[in-house]
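J.: Protein sequence lines correspond, in order, to chains A and B. Quick note: the first sequence uses the numbering used here, first residue 20, plus one each step. Quick note: the second sequence uses the numbering used here, first residue 19, plus one each step.
No lab work stands behind these hints: they were computed from the structure. All values derive from a computational prediction rather than experimental measurement. Any given hint could turn out to be false.
Distance condition first, Cα-Cα at most 20 Å in a straight line; then the derived SDA-like pairs of lysine to any residue [stated by the list, open to error]:
no., chain 1, residue 1, chain 2, residue 2
1, A, K68, A, S128
2, A, K83, B, A71
3, B, K56, B, V67
4, B, K141, A, R76
5, B, K36, B, A119
6, A, K83, B, P144
7, A, K46, A, G125
8, A, K83, B, P88
9, A, K83, B, L117
10, B, K56, B, A119
11, B, K68, B, S108
12, A, K83, B, T47
13, B, K141, A, F127
14, A, K83, B, R49
15, A, K83, B, F116
16, A, K83, B, D51
17, A, K83, B, D89
18, B, K141, A, I22
19, B, K141, B, R161
20, B, K141, A, E34
21, A, K83, B, E90
22, A, K46, A, F127
23, B, K58, B, D89
If you only want the chain A side, here are some residues facing chain B, beta carbon under 10 Å, derived [said to hold, decoys possible]:
no., residue
24, M20
25, Y27
26, D33
27, E36
Have a look at the derived ranges for each label pair, beta carbon to beta carbon [unchecked claim]:
no., chain 1, residue 1, chain 2, residue 2, range
28, B, K78, A, D31, 29 to 35 Å
29, B, Y34, A, F57, 44 to 50 Å
30, A, K46, B, K36, 52 to 58 Å
31, B, Y34, A, L94, 33 to 39 Å
32, A, F127, B, P199, 54 to 60 Å
33, B, K56, A, F127, 37 to 43 Å
34, A, P108, B, K68, 30 to 36 Å
35, B, A74, A, K46, 34 to 40 Å
Beta carbons: idealized from backbone N, C-alpha and C, even for Gly.
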Amino acid sequence: MLILTCPYCGIDADETELAAGGQAHIKRETVGASDDAFEEYMFMRENPKGVHFERWRHANGCGKWFHAARCTMTLEVFGTYEAQTYEPPAEIRAAISAKRPGWSWGSFS
Amino acid sequence: MSNAVSALQGVSYDGYVKVTEQGLRGMITLRGDLASAKLKTAVSKLSGVKVPAVNACAFKGAYGVAWMSPDELLILCPYDAAEAGVAQLSKALKGQHFLAANVSDARAVFQIEGAQVREVLAKLAPVDLSEGAFQLGQLRRTRIAQAPAAFWLKDAGTAEVICFRSQADYVFELFKRAAMPGAEVGVF
Ligand SMILES: [Zn+2]
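For reference, chain B alone in the conformation it holds in the complex (with noise of 0.2 Å):
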């Protein structure tokens, strides 16, 4: 087996608000009637979460699932366990038309931790980023800058971004720039 790594092994910059790559992530892409039971069971039997409305996510211990389209939902896990769960749910999802994917190694995990997370974010997305728009238990999917992205407030001063492996790069210097000490704006 070969040794697995993340994109950029852990990088961080301090800025005003400090960007860290995460490391490897489990990351199971589930696509399926998201309103059937035999889905709804399965997918909370392997997370402990219960399928999320629309643009939600919720998390338990190391696992967490987001809603990501009407038929498309990411279970996030420890990297070990991406394989297992999708093999548990191919199971559980027999003879229903689904597709469960081990995604982790696609994809590339920052965390933007400081009191100013809300403004590096709204630099770089299209989003409104004011606290009564983007609340806690939320994902946005959206852009940084010109790559997909994903988000979400793991509480008031941290949030986690997603997005391709192939673009880690890309996006953490998009986010270097953007935490600047001297680039604050203070609109939030």
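Chain A with its partners taken away, still in its complex shape (with noise of 0.2 Å):
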């Protein structure tokens, strides 16, 4: 069972209470932009086996979208953030420094 910190109520919410939302960090195409990066922004998502970012709503609880990183490989949680940022915060990226030397992800390192 997989067990998020939601960062808004402080809640270990397990996955029964959480929505899930998909890939993190995705910047979106819009208007103007070209074919190629359009379609890398609909249709390609990072497939990893180990550190991954994703967002999730804590549906059943107080409601508010939140991030988390966490291993794709053994559902272990390194840290759930607000969502209110582009990209993983700095100690959420010592937190998996410190258990995945040398992990990259995206442009994220």
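From the two separate chains plus the hints, produce the assembled complex.
T.: See the structure below:
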């Protein structure tokens, strides 16, 4: 069972209280974007074995969207953080580096 | 004016805890900046209760205020006072970004009463209900089986549960099964 701590209400919510929102930190391409950039935004996703960043919503709870950094292989959770950011905060990156030295994901490392 | 009735009109079940639908209850959803002085004043003027901390709730007489999310409160009041409550809040918060809505008729309230109240709740919600984890003065938004719900303890042996009115029958049936004599687990 995956348990994520909601950064808004602080509750350790199990998976059944949450709604999965897919990959995090996707930059939306819109009017004026090239076909290639739009295709990349629309269809292409990371599919890592290891460190991954996702969006989750505390659906049966405070209702807020948040981010989670976890390992897709071990289900280990490195941390959760608020939705109002374009990239994982320093403390989350540090927590990942402590467990998975040399990790990279998209443009982050 | 129509004759307002609650979803299950006070139905009750005597199991190893007692489950009772609580009849009509006034409820106001208030969304806005919970840190704003104007909002804090408006809430305490209406309810007699201060804006509660994260995950907390507080009661005074027929009124209560519960923290629902970083920008949402639930104000409990007598059923007939909800409309006036919305008007009072709307007047006090005029000019500020907020939303106040009377949601009384969208909800049902149950009381769960008995020494094993924690156990019966724990059967239906993915929540740590041990005494150290869930305490008086907390309100937990979660789910009761497949229905979104919120509950709090009135005292050590009594909890109140709010759910959507359309799911009242489902939630009542769940509590009946969970409270059936012979279904005791004895974990707490
Ligand atoms: Zn939450």
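J.: Would you list, in rising numerical order, the hints stated earlier that this structure does not obey?
T.: Of the numbered hints, 4, 5, 13 and 29 do not hold.
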